[in-house]
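2 protein chains.
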Amino acid sequence: MASIPYREQVLRLREDAIVEAVNRLLVSKGYELMTVDGVAAEAGLSKASLYKHFSSKEELAAAAMTRLLERAIAQVAEQRTQASQADARAQLETLVRWTLKVQLAGEMPSLPAANSRLTAALRANRNYTDRLIELSDLLGKWIVAAQGEGALDAVLPPEVILYTLYARACDPVLAVLKASGQHDEADIVEWLVRSTFQGIGAAVKIAPCAASSGR
Amino acid sequence: MASIPYREQVLRLREDAIVEAVNRLLVSKGYELMTVDGVAAEAGLSKASLYKHFSSKEELAAAAMTRLLERAIAQVAEQRTQASQADARAQLETLVRWTLKVQLAGEMPSLPAANSRLTAALRANRNYTDRLIELSDLLGKWIVAAQGEGALDAVLPPEVILYTLYARACDPVLAVLKASGQHDEADIVEWLVRSTFQGIGAAVKIAPCAASSGR
DNA sequence: GTCTATACCCGGATAGAC
DNA sequence: GTCTATCCGGGTATAGAC
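If you're matching them up, the sequences are chains B and L in order. Residue numbering for the first sequence follows our numbering, starting at 270 and increasing by one per position. Residue numbering for the second sequence follows our numbering, starting at 270 and increasing by one per position.
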C-alpha cells in the first residue's frame, strides 16, 4: 500500500480548499479586488503559508481557471458517454446550458481580459494553457462537425464560434437578469441558449409554399 | 454677447481633455488598473488640479461612461434623421454595427461589473443614470416595434434583448479576433452582427418549394 | 485653479522563529 | 509548513503655497 503518502493527501486537500476560496472570491469580487489576505482568510490559513503553496496572486487565479477548464473537459467527457446525444450541435447546446448553470450557481470565475500582467502569467502557465488547448480541440471538433451537418452557421469561421461560446460562458447578461429577480432561472437559461444559437432575430417562419405573404 | 464666459469655455475644454484621457486609459488598462496619476499625466495636468474637477476616481469613470451614452444617443438621433431606414430592426443592426466600430477604433470603455463601490457610485450619478434611462427608452421602442413586426424574436422579453445589445457593445470576442490579426476588420464586424441577430446556428435554408433537396 | 509635496492606507510579498 | 510581524511599492486623496 502506501500508494499515496498521507502528507501528500493533506497537501492536496489544503490546496483544493485554497483554490475553491479563490474561486469564490473571483466570482464575488473579481480578480483586481480579490486580495491575497482575503484568500488566506477564506481558506483558513495565514498569508505566508499560502505563499508556500502558490508563489503569486497570478498563480492563484491560474489555478482557479485551470480547475474550471478541468470541470469543462470532464463535462465534455461525460456528455460523450451519453449516446443519447448523437449530433454535435446538440452536444454544444448541452454544454452551453451547463456553463449557464455554473454561472447561476455562482461558480463561474471570470478574469479581466485587459490585464496584461495576468494574461502573461496565464500564458506562461503550462497547466492552464494545456487544458485550454485540450478543451478548444474538443470543442473545435464538435463545431466543425456541426457545420458539416448544416447545424451550425458555416459562414462563421470555427474560431469565431469557439470564442463566442467562451464569451457566453461568462456573459454578463445572465448576471443582470438574475439580479433583476424578475424571472425564473430556468427561463433565463433557455432565453440565453436561444439567443446564442438563434440570435435575437426572429425565428424564420416557413411560410406555406402556395403564396408568400407580404412579410 | 458674452453668452458663455470665456473662463467656462476653457473649463469645458479642459474637462473634455480629462474625460478623453480617462476613456483612453479605461480602454487600454481597464478601471482597476487605471490610476489617477496616469489620468493626470495623460491629460497634462497635476493630480491635485484634477481633483478640483472630479472629486474621485469613480466620478472620472462615470464621466467617461456618460460621454459614451451621449455618443450613443446622438448616434440614435442621427439614424432617425436618415429616412432610408424604415424598420426598427434595421436601425438596431446599424446601431450594433456602430458599437462594433467604436470598439475597433479603441474607443469603447468598459467597466468591471463586479465592483460594488463603482456600480454604487454610478447609480448615484444622475448624469449617468439619466442618460442610461434615456438610451434604454429609445432602444426599447425599437425593440418592441421590431418584435411587433416579426423582425425580432418575440419569445425573448424586451429587456433580454436590450441587455444583450448592451453586452455585445463590449463583447470580448471582437478584441480576441482583432488581436489574432488573422482577419479583416470588416469581416469581423459582419460576423459579429450576424451572430448577434442570427446566432451561431445555421441560417435556415429556404428550399425551393417544388422538391426539397436532401440538404 | 494650478502646482509640489506629503499624509495615509492598503496590498503583495518576505523574514525568521517555531 | 505554519505562524506573526514586517517591508515596501504604489495608489487615493489632501495640504498649502503661489
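These are calculated hints, taken from the structure and not from any lab test. Among these hints, one or two may not hold up.
Just so you know, same-sequence chains aren't split out, so a pair can sit in one copy or run between any two.
[Claimed, not checked] Below 25 Å or equal to it, Euclidean Cα-Cα: the simulated DMTMM-like pairs (lysine to aspartate or glutamate) are:
1) Lys298 <-> Glu403
2) Lys447 <-> Asp356
3) Lys410 <-> Glu362
4) Lys321 <-> Asp406
5) Lys326 <-> Glu347
6) Lys326 <-> Glu362
7) Lys326 <-> Glu301
8) Lys298 <-> Glu362
9) Lys447 <-> Glu289
10) Lys316 <-> Glu459
11) Lys370 <-> Asp456
12) Lys447 <-> Glu403
13) Lys316 <-> Glu428
14) Lys326 <-> Asp306
15) Lys370 <-> Glu403
16) Lys410 <-> Glu289
17) Lys410 <-> Asp456
18) Lys316 <-> Glu454
19) Lys321 <-> Asp399
20) Lys298 <-> Asp406
21) Lys321 <-> Asp356
22) Lys326 <-> Glu428
23) Lys447 <-> Asp406
24) Lys447 <-> Asp306
Legend entry - Homomeric proximity label, Lys447 with Glu289: Cα distance no greater than 25 Å: within (23 Å within a copy, 33 Å between copies)
Legend entry - Status of Glu347 relative to Lys326 across identical chains (alpha carbons, at most 25 Å): neither (32 Å within a copy, 47 Å between copies)
Inset, instruction - Evaluate Lys410 and Glu289 at a C-alpha cut-off of 25 Å and name the case that applies: within, between, both or neither. - result: For Lys410 and Glu289, the Cα distance exceeds 25 Å both inside one copy (31 Å) and across copies (44 Å).
Legend entry - Alpha-carbon proximity between Lys321 and Asp399, which holds within one copy, between copies, both or neither at 25 Å: Within. Shortest intra-copy distance 24 Å satisfies the 25 Å Cα cut-off; inter-copy 50 Å does not.
Inset, instruction - First find the shortest C-alpha distance between Lys370 and Asp456 inside one copy, then the shortest across copies, and answer within, between, both or neither for a cut-off of 25 Å. - result: Classified as within; 12 Å inside a copy, 32 Å across copies.
Legend entry - Homomeric proximity label, Lys316 with Glu454: Cα distance no greater than 25 Å: neither (37 Å within a copy, 46 Å between copies)
Inset, instruction - Pop the pair Lys316 and Glu459 into one bin, within, between, both or neither, using alpha-carbon distances up to 25 Å. - result: neither (42 Å within a copy, 49 Å between copies)
Inset, instruction - Classify it for me, Lys326 with Asp306: is the Cα-Cα distance of at most 25 Å met within a copy, between copies, both or neither? - result: both (10 Å within a copy, 24 Å between copies)
Inset, instruction - Evaluate Lys326 and Glu428 at a C-alpha cut-off of 25 Å and name the case that applies: within, between, both or neither. - result: neither (30 Å within a copy, 37 Å between copies)
Inset, instruction - Give the relationship of Lys316 and Glu428 under a CA distance limit of 25 Å: within one copy only, between copies only, both, or neither. - result: neither (40 Å within a copy, 44 Å between copies)
Legend entry - Intra- versus inter-copy proximity for Asp406 and Lys298 (alpha-carbon distance at most 25 Å): So Lys298 and Asp406 fail the 25 Å test inside a copy (31 Å) and across (30 Å) alike.
Legend entry - Same-copy or cross-copy closeness of Lys447 to Asp356 [CA-CA at most 25 Å]: neither (31 Å within a copy, 31 Å between copies)
Checked against the numbered hints above, the structure breaks hints 1, 2, 4, 5, 6, 8, 10, 13, 16, 18, 20, 21, 22 and 24 and satisfies the rest.
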